[in-house]
Every structure is written in structure tokens, then in C-alpha cells.
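Given only the sequences and the hints, what does the whole structure look like? Please build it.
Line by line, the protein sequences give chains P and S.
Everything in the first sequence is counted per this note's numbering, starting at 1 for the first residue and increasing by one.
Everything in the second sequence is counted per this note's numbering, starting at 1 for the first residue and increasing by one.
Take these hints with a grain of salt, some might be off.
Now the stretches of chain P that chain S is said to cover, found in silico as 3 or more residues with beta-carbon under 8 Å [claimed, not checked]:
| no. | region |
| --- | --- |
| 1 | 5-19 |
| 2 | 32-40 |
| 3 | 55-62 |
Below, computed lysine-lysine pairings styled on DSS-like, alpha-carbon distance capped at 30 Å [to be verified]:
| no. | chain 1 | residue 1 | chain 2 | residue 2 |
| --- | --- | --- | --- | --- |
| 4 | S | Lys94 | S | Lys165 |
| 5 | P | Lys6 | S | Lys4 |
| 6 | P | Lys124 | S | Lys401 |
| 7 | S | Lys174 | S | Lys113 |
| 8 | S | Lys169 | S | Lys113 |
| 9 | S | Lys169 | S | Lys68 |
| 10 | P | Lys22 | P | Lys58 |
| 11 | S | Lys174 | S | Lys60 |
| 12 | P | Lys22 | P | Lys116 |
| 13 | S | Lys68 | S | Lys94 |
| 14 | P | Lys90 | P | Lys125 |
| 15 | S | Lys68 | S | Lys165 |
| 16 | P | Lys116 | S | Lys401 |
| 17 | P | Lys6 | S | Lys322 |
| 18 | S | Lys102 | S | Lys223 |
| 19 | S | Lys169 | S | Lys106 |
| 20 | S | Lys223 | S | Lys60 |
| 21 | S | Lys401 | P | Lys58 |
| 22 | P | Lys116 | P | Lys90 |
| 23 | P | Lys22 | P | Lys90 |
| 24 | P | Lys58 | S | Lys322 |
| 25 | S | Lys401 | P | Lys125 |
| 26 | S | Lys401 | P | Lys22 |
| 27 | S | Lys68 | S | Lys85 |
Just so you know, these hints were derived from the structure itself, not from any lab.
Note that the Cβ used here is the ideal one computed from N, Cα and C, for glycine as well.
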Amino acid sequence: MAYSDKVIEHYEQPRNVGTLDKEDPNVGTGLVGAPACGDVMRLQIRVNPETNVVEEAKFKTFGCGSAIASSSLVTEWVKGKTIDEALTLKNSQIVEELNLPPVKIHCSVLAEDAIKSAIADFRKKQQVRSGESAVSSPQPNAPAPSAE
Amino acid sequence: MSVKLPIYMDNAATTPVDPRVVEAMLPYFTEKFGNAASRSHVFGWVGEEAVEYAREQIAKLIGASSDKEIVFTSGATESDNLAIKGVAHFYQSKGNHIITCKTEHKAVLDTCKHLEKNGYTVTYLQPDVQGRVSADQVREAITDKTILVSLMLANNEVGTIHPIKEIGKVTREKGVLLHCDAVQGVAKVELNVDDLNIDLASISAHKMYGPKGVGALYVRRSKPRVRIVAEIDGGGHERGMRSGTLNVPSIVGFGKACELAQTEWRADAARVFALRERLRKKLFAALDSVHLNGAPDPERLPGNLNVSFSFVEGEAMMMAIKDVAVSSGSACTSASLEPSYVLRALGVDEELAHSSIRFGLGKYNTEEEVDYVADLVIRHVERLREMSPLYEMHREGIDLKSIQWTAH
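Take a look at the structure:
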């Protein structure tokens with residue numbers, strides 16, 4: 001299978017490989033995929049709770065070159081964005097940027113799922129926290145991330 | 001250390017043609033171009049003579065008692081089709097049951113599936129975790145409707161060698177024909193059709209340093225005399241079993257490859273085995289969580305090393321070692337997005353099937369290449385594991401099977 005230059009570039013020089021402390025309340029973790037399917041992505045974001053801006057993003061991926069490149073690209077894209085902006089990210093943008101062939105589109109879907117899942121995790125933690133500290137305004141039904 | 005890149009370690013897929021084979025073939029493209037079926041002039045006679053000589057060379061290598069038992073085909077896929085369909089169609093009044101194994105080549109499995117749609121019944125034997133079927137399994141599967149057992153000599157993916165000798169005793173005793181897809185085993189392990197009681201055998205030139213596009217089907221002529229129905233109609237070449245003008249240059253090359261193998265295969269196999277062991281030992285010494293797929297020696301092809309590097313996906317691995325030609329059982333390398341059916345039939349975990357790499361060593365590989373590849377693989381497995389969430393979880397002592405994965 002021939003890879004695009006961009007896939008090769010991200011695969012050989014992946015950005016933001018690593019691990020954030022998943023216990024940190026400002027860190028959201030998304031773990032998607034399954035080993036049996038040959039793809040597992042873990043994407044983590046550290047969000048500034050005042051501004052909701054993603055200050056740091058890290059990933060680790062078990063998967064093919066396209067899966068690694070997709071996750072690497074997503075960590076680059078979400079950094080500096082607010083989580084609302086990050087939620088608008090579409091897998092088709094990843095496909096376009098990395099020139100993924102049809103057989104690899106699932107890698108981009110997984111990367112989109114990973115970022116959504118990480119944001120959902122962050123929001124859940126923030127809710128729990130606000131529930132603990134601000135008894136006056138519990139928000140059990142805070143708006144869920146706009147899952148497509 | 002200087003090695004020439006890229007390095008070829010996919011000799012189970014195909015092999016380069018031995019220069020001595022090329023040399024033998026060349027005159028048959030130009031001055032000796034005759035049609036071997038032209039009986040009326042010297043051009044035809046020269047072609048026919050060359051084909052008959054090649055037939056002898058091939059018959060001798062596999063221990064056939066007559067060169068008339070060799071039918072030339074376009075390759076082993078055609079040989080497998082001709083053997084199975086040919087026997088099924090000829091013996092349909094005798095029975096309609098065929099026995100094979102789940103890990104056979106697609107040329108056998110899909111031929112059997114085709115026959116199933118046409119009234120035949122097929123038993124697909126379950127191999128053990130190392131890829132073997134036993135003679136007892138074959139014995140138990142045989143019914144009074146069984147006409148053919150088709151089992152490979154050695155598996156192309158995991159290199160497991162079937163106990164064909166024991167199986168051949170059973171089929172002979174029961175009066176059932178035995179077809180053996182010997183593509184991977186011939187000239188790598190002992191193959192004598194009389195010793196093994198093989199009635200039909202498929203072989204291919206390009207897996208043994210001969211040219212692509214030519215193969216043969218051995219069809220036993222006595223004790224028992226095997227009859228097959230031709231699958232291609234036409235001029236009645238190959239004693240009516242396979243019509244079509246013979247590919248004389250390739251047949252000459254195939255014969256030459258067999259002649260060379262006759263005297264050289266044991267020494268080649270020993271050297272290839274030493275190279276494979278060198279590679280295996282280096283990888284297993286340097287890396288944890290490496291699994292060997294298939295059987296241990298001596299029930300394993302000398303050049304086959306099929307290993308799963310846990311927590312690293314196979315296609316990513318192949319991309320990392322892009323200057324080394326290997327293959328993988330990972331789904332991502334196949335159009336179907338399914339991991340290797342052979343590994344799954346052996347009960348290999350799907351995660352490990354996705355992580356499998358097959359190294360196929362051959363007679364042209366060198367120790368320097370093996371050392372280079374071992375270092376490269378070790379470095380990249382480590383790099384990819386640093387990038388793998390599964391490896392991190394493994395090191396934290398998390399049982400990956402305890403996690404609810406979101407399959408997609």
C-alpha cells in the first residue's frame with residue numbers, strides 16, 4: 001500500500017506522543033478502538049478550566065501508519081483551540097489533510113471519536129468537581145458534548 | 001556493516017530466479033522458440049525435447065516413478081484446481097466427500113467451496129494451535145463417500161509441516177486419494193511421493209528459484225492409477241489433462257530449478273535454517289512479549305519465522321522497516337480488513353494476529369542481512385511500543401482482556 005507523504009511524515013515524526021496524568025481533573029482521556037480490530041487510540045487533552053482552551057494534547061496509538069498519523073495530526077489541531085472548537089473537528093478534514101485512501105477512512109473516524117471522547121471525559125470530571133465544590137449549583141444535566 | 005537495501009525476506013511469497021535457471025531458459029525465447037506440440041518440424045521437436053527433459057527433472061526431484069506423471073500448468077493455483085475438481089468430477093459416481101483443513105491455501109479452500117455449491121460435501125479439519133492436523137483426525141473424518149483428502153505439505157503463513165507420511169498411510173489403507181499442495185514444502189523438506197503415499201501433488205516453480213507462471217501437477221499412474229477430468233478444454237495437450245500450448249521457456253526453467261534443487265536443497269535448507277535461527281534468537285533475546293506462530297522445529301519450514309510482536313500493529317511495523325520486504329497477517333494489509341484466516345484458525349488472539357510478521361528467509365539471504373534486520377526490527381518494535389497505549393497498560397499490569405473496548 002502506498003502512503004501519502006503526510007502520513008509518512010507524521011508516522012516517522014509523530015507529534016505529541018506521550019501520557020498525561022489521567023487523574024488530573026483538567027485532563028480528559030479518550031480511549032477508543034479495540035485490540036481485536038487492530039486499532040486502539042488514546043488521546044489526552046489538558047484543558048484550562050477558566051478558558052476551556054486545550055493547552056496540551058498527547059496520544060498513544062496501537063494501529064497502522066494511518067492511525068498513528070491521524071492521531072498525531074489531531075493532537076496538533078486541537079492544541080490552542082477551545083473544546084467547543086475542537087468538537088467541530090470532522091474526520092473528513094483528517095482524510096483530506098492526510099490524503100487517506102478509502103480503506104483507511106476508519107482511522108480518521110477513530111481519531112474524531114478519540115477527541116470527542118477525551119472532551120466528554122474532561123466535561124464529566126468538571127461536572128463532578130463543580131458538583132463537589134459548588135453545592136448551590138449542581139448541574140446534573142449539563143449539556144452533553146454534541147455527539148454526531 | 002554494509003548491506004544492500006532493500007532486503008528481500010518474503011521468500012514464501014516468491015523467490016528470485018536463480019541465474020543458472022535464467023541462462024537455461026534464454027535460448028527458448030529466441031532461436032528455440034518452437035511450439036512443443038508441432039510434430040511436423042525440427043522447431044517443434046526441439047521444444048518437445050526440452051519439455052520432456054524438464055518433466056524428467058521434476059519427476060526425479062519428487063520421486064515420481066514416471067515422467068508421464070507430471071502435468072504442466074500455469075502454477076500451483078491451477079494445479080490445486082485441476083487436482084481437486086478433476087478428481088471430484090471423475091469419481092463423482094464413487095462419492096462426493098472431500099476432506100481438507102482450515103489452514104489450506106485459498107486455491108484449495110475456494111475450490112472446495114465451489115464444489116460445495118455443486119453437491120459435494122467438504123470437511124474442513126481443525127488444526128491444533130500449532131497448525132497441525134493428525135492422521136487420526138483424517139481417519140475419523142473419512143466416510144464411505146470420501147473420495148479425496150487434500151492437505152498441504154507445509155503451510156505458507158506459519159510454516160507448519162503436516163504429518164503427510166502418517167496421513168498417507170491412512171488414505172492408502174482406506175482407498176481414498178491424497179492430494180498434497182507441496183508448493184511450500186518441495187525442495188525445503190523431504191518429499192518423495194512414493195514414501196508419502198501421495199497420489200496428486202501441486203508444485204510451483206517460482207517458490208523454488210524458478211520463473212513465475214509455471215507449475216505442475218503430479219498425477220500418480222499406478223497403484224493406484226489416478227484419473228482426473230480436464231478442467232480446460234482444447235487441443236488435448238498433456239495427455240488430455242490440460243490443454244493449452246506449453247510455456248516452453250518457463251518449463252525449461254522449472255526443470256532446471258528442480259535439477260539444481262535435487263543436489264543443493266539440503267545444503268540450502270541447512271543454511272537458511274541457520275539464518276532463521278540467528279534472526280529468531282536475536283529477536284527473542286532483545287524483546288519481551290514476542291510470540292512464535294506455528295510449530296517448533298522440526299515440524300516447521302527452515303526459512304519461516306512467523307512472530308507476533310505484542311502491542312505493535314503489523315502494518316505499522318512493516319512501514320517502519322520499509323526497506324525490508326516481509327509480510328503480515330494484520331488485517332490492514334489485506335483488502336478484506338480481516339486478519340489472517342490461518343492465524344485465526346490456529347486460535348491466535350486477534351490482537352496477536354494483527355501484530356504478526358512473517359519473515360521468509362531464502363538461499364540468497366546473508367548473515368549481514370539478518371543482523372541488519374534484527375537490529376532494525378528491535379529498534380522499531382521498541383519505538384512503536386513507546387507509542388502504544390496497550391504496551392503502557394501492559395507495563396502497568398492492566399489485563400487488556402479486562403477492558404470493555406469500544407469496537408467499531
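Original post:
Between S/Lys174 and S/Lys113, is the straight-line Cα distance small enough, at 30 Å or below?
Top reply: holds, 24 Å
**OP:** Would you mind confirming whether the straight-line C-alpha gap from S/Lys401 to P/Lys22 stays at or under 30 Å?
**Re:** This hinted pair holds, its Cα atoms lying about 20 Å apart.
Subject >> Pairwise hint evaluation, S/Lys4 against P/Lys6, where the allowed Cα distance is 30 Å at most >> reply: At roughly 27 Å apart (the allowed maximum being 30 Å), S/Lys4 and P/Lys6 satisfy the hint.
Subject >> Agreement of P/Lys124 and S/Lys401 with the hint, judged by alpha carbon distance not exceeding 30 Å >> reply: At roughly 25 Å apart (the allowed maximum being 30 Å), S/Lys401 and P/Lys124 satisfy the hint.
**OP:** For the pair supplied as a hint, P/Lys22 and P/Lys58, confirm whether the alpha-carbon distance does not exceed 30 Å.
**Re:** holds, 11 Å
Original post:
Does S/Lys106 lie within 30 Å of S/Lys169 when you go C-alpha to C-alpha?
Top reply: Holds, because 26 Å separates the two Cα atoms, which is no more than 30 Å.
Original post:
Residue count check for the region 55-62 of chain P against chain S: does it reach three with CB-CB under 8 Å?
Top reply: holds (count 3)
Original post:
Between S/Lys68 and S/Lys85, does the CA-CA distance stay at or below 30 Å?
Top reply: Distance of about 20 Å is within 30 Å: holds.
Original post:
Given the hint that P/Lys58 pairs with S/Lys322, does the C-alpha gap stay at or below 30 Å?
Top reply: Given that 30 Å is the threshold and the Cα spacing comes to 26 Å, the pair holds.
Original post:
Holds or violated: are the alpha carbons of S/Lys169 and S/Lys113 at most 30 Å from each other?
Top reply: Roughly 26 Å between the alpha carbons, so the hint for S/Lys169 and S/Lys113 holds.
**OP:** Count residues of the region 5-19 of chain P with a Cβ under 8 Å from any Cβ of chain S, then say if the count reaches three.
**Re:** Holds, because 5 residues of the region 5-19 of chain P bring their Cβ atoms closer than 8 Å to Cβ atoms of chain S.
**OP:** Would you check the hint for P/Lys116 and S/Lys401, treating anything up to 30 Å between C-alpha atoms as holding?
**Re:** holds, 24 Å
In summary, this structure violates none of the numbered hints.
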